[in-house]
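Visitor: So the chains spell out like this:
2 protein chains.
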Amino acid sequence: MSKIVIGVDLGGTKMLAATVDQTGNILTNDRSKTQPADGPGAVIERLATLCEAVAAAAGRSMKDVEAVCIGVPGGINEETGVVDIAPNLAWENVPLGPTLAKRLGTRVFLDNDVRVAVQGEYAYGAGRGTRTMLGVYVGTGVGGGLIIDGKLHEGNRGVAGEVGHMIIDPHGPKAKRGNRGSLESFASRTAMERDVRALIDSGKKSVITKLLKKKNRTRLTSSIIEEALDEKDPVMTKVFANAQYYLGLGLANVANLLDPELIVIGGGIAERMGERFVAPARAIAYEHFLVKRDADHVRIVATELKERAAPLGAALVARRRLAKPVTPIAVSQLLDRA
Amino acid sequence: MSKIVIGVDLGGTKMLAATVDQTGNILTNDRSKTQPADGPGAVIERLATLCEAVAAAAGRSMKDVEAVCIGVPGGINEETGVVDIAPNLAWENVPLGPTLAKRLGTRVFLDNDVRVAVQGEYAYGAGRGTRTMLGVYVGTGVGGGLIIDGKLHEGNRGVAGEVGHMIIDPHGPKAKRGNRGSLESFASRTAMERDVRALIDSGKKSVITKLLKKKNRTRLTSSIIEEALDEKDPVMTKVFANAQYYLGLGLANVANLLDPELIVIGGGIAERMGERFVAPARAIAYEHFLVKRDADHVRIVATELKERAAPLGAALVARRRLAKPVTPIAVSQLLDRA
Chain A
0 MSKIVIGVDL GGTKMLAATV DQTGNILTND RSKTQPADGP GAVIERLATL
50 CEAVAAAAGR SMKDVEAVCI GVPGGINEET GVVDIAPNLA WENVPLGPTL
100 AKRLGTRVFL DNDVRVAVQG EYAYGAGRGT RTMLGVYVGT GVGGGLIIDG
150 KLHEGNRGVA GEVGHMIIDP HGPKAKRGNR GSLESFASRT AMERDVRALI
200 DSGKKSVITK LLKKKNRTRL TSSIIEEALD EKDPVMTKVF ANAQYYLGLG
250 LANVANLLDP ELIVIGGGIA ERMGERFVAP ARAIAYEHFL VKRDADHVRI
300 VATELKERAA PLGAALVARR RLAKPVTPIA VSQLLDRA
Chain B
0 MSKIVIGVDL GGTKMLAATV DQTGNILTND RSKTQPADGP GAVIERLATL
50 CEAVAAAAGR SMKDVEAVCI GVPGGINEET GVVDIAPNLA WENVPLGPTL
100 AKRLGTRVFL DNDVRVAVQG EYAYGAGRGT RTMLGVYVGT GVGGGLIIDG
150 KLHEGNRGVA GEVGHMIIDP HGPKAKRGNR GSLESFASRT AMERDVRALI
200 DSGKKSVITK LLKKKNRTRL TSSIIEEALD EKDPVMTKVF ANAQYYLGLG
250 LANVANLLDP ELIVIGGGIA ERMGERFVAP ARAIAYEHFL VKRDADHVRI
300 VATELKERAA PLGAALVARR RLAKPVTPIA VSQLLDRA
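Chains A and B, in that order, are what the protein sequence lines are.
At position 79 of the first sequence (counting the first as 1) the number is 78 in numbering that gives the first Met the number 0, and the numbers step up by one without a gap.
At position 161 of the second sequence (counting the first as 1) the number is 160 in numbering that gives the first Met the number 0, and the numbers step up by one without a gap.
If you're looking for bench data, these hints aren't it; they were derived computationally from the structure.
Among the hints, a few may not be true.
Which copy is meant is left open, because identical chains are indistinguishable; a pair holds if it fits in one copy or across any two.
[As the list claims (entries may be wrong)] Think about it this way: if two alpha-carbon atoms lie no more than 20 Å apart in a straight line, the pair counts; the simulated DMTMM-like pairs of lysine to aspartate or glutamate are: (1) 214 - 153; (2) 173 - 192; (3) 214 - 303; (4) 150 - 260; (5) 203 - 63.
Excised from the complex, chain A in its bound form (with noise of 0.2 Å):
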């Protein structure tokens, strides 16, 4: 049997995992959920069972997998594996690499989630065929890949991308994280929800109150999003429209400044709501881009492959490591079968 790589996705709900052939063939994929209360050990025991699955589903067995990259949310060090500090998990300091290397026998690499997304979805997704795109990850914050001339632009520190700390309005809220007023504060969910949280308690009716208790829940989450938009809901409605505004600000700014093919809006609200999502936000950044008249030249668009993105882009990163270019060429008709 030829050789694979497996790309992992790692987020504080799920895991992710896809399996890539060394021509770049996607060949399966499988999800397992993260627990991160379990602690790292129980986490990346998770992770390890399901890189056998997907292996064995793709007829391998671990001894055919040349290497495992996993995207994190966080701060890794690509050098020695430790995941530095990651959130979500509330992991610091855990050596996810080395542990996973030794449990698996076999090599494996970290990589930033964002980073790994952008890279999917410029190989196998929206990206394709373009030279010059910018991911942006509307979540609980808001992240950023660039990709430049066919390749993740990494910046001179090795942080670059950071779309959603771009200060829009100094006067404006301040994010968990960053600067006040950055496109962060007022775009994620996290600010969505926020700004919901403010519009009730100052009296104001939403079906959200009830929507949170229907579902056990007390963060606001995509599907709460979209019921309440569904359901007409005045609060909701004013808070994403408020969002969009600003993303659509935001993403005049990126292009003004680089000029891209394409801009793909990625994370949760992206993936459920797609046009509902983006297109309001394009129509305010073609407003105010400074050459308008060329303005659709820059594509706006919702992620195409969603939360398959980051593995894929992660078994990308897996084979670039390992120093053997892949040939995503004509595989994208493969992506509905894998």
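With chain A's structure known, arrange chain B on it following the hints.
Guide: Relative to chain A, chain B alone:
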């Protein structure tokens, strides 16, 4: 004699030209007044005379000049050599390229003034030895250009680099062109002039009224800004600090997104005042870096070449368009005798 190229910066007030030989050495440079009120014909004749003068000073006739490249302050058509629009010259649809080519009997290329300046600064000035650099030019507007991985990032529509149109506060002032609350609307010389006038009109005492009269000026020039600051004028001091604050936020936004090695601040104020203009903006920028630890790994400096950046950059562009690679190695030491 070996062949040379001529690079020209065509400004609204003055035109500057430089000759560069085949190995990238700077030979001569000179200048002339533009006097655009005399009309395009007279300006083009002055350009021709200036080109002949710098060539003669280098011991060459126009037969030894392989090409001339002009950095134009406006929109140009690279193919036809027509200046579509250049507000500072009051030009519209001026066939600068073909007219000058016929007059001089050599090839003439056109490019944008900011783009050639950033390339000059990169190859011969503060950017030497870097790979990724942003040039920000603070003048009547705020322009910019990006060097990524050693080459100008032109963008998908060819309009990348518009850092001046980044929205920093959507409730901010409206600039002459572009977006409300853009960096340009806060930090350009035009914005400073507006803010100075507003404070004086509101009854604040300022030496600027006297300085404008003494110099027989109606517009706030870089030299008047400097003199007013020297005299510790409270209005100018306040307005200057405000512009630096917003410039700093804009630099932080770009740095968080692109993580460049270097940001070079050019334009009249930076040319005249250097660190006095740049240092406070840098401090504000560093405060707003997402990764503060290594903030100083992103250098932020004033232009080294000042007004020589654009003609030298134009000469490089001429060489490149002639498809002959230039080698600007070890020529920096020639700058002072050029």
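Visitor: State the violated hints by number, sorted upward, taking the hints as numbered earlier in the document.
Guide: Violated: hints 1, 3 and 5.
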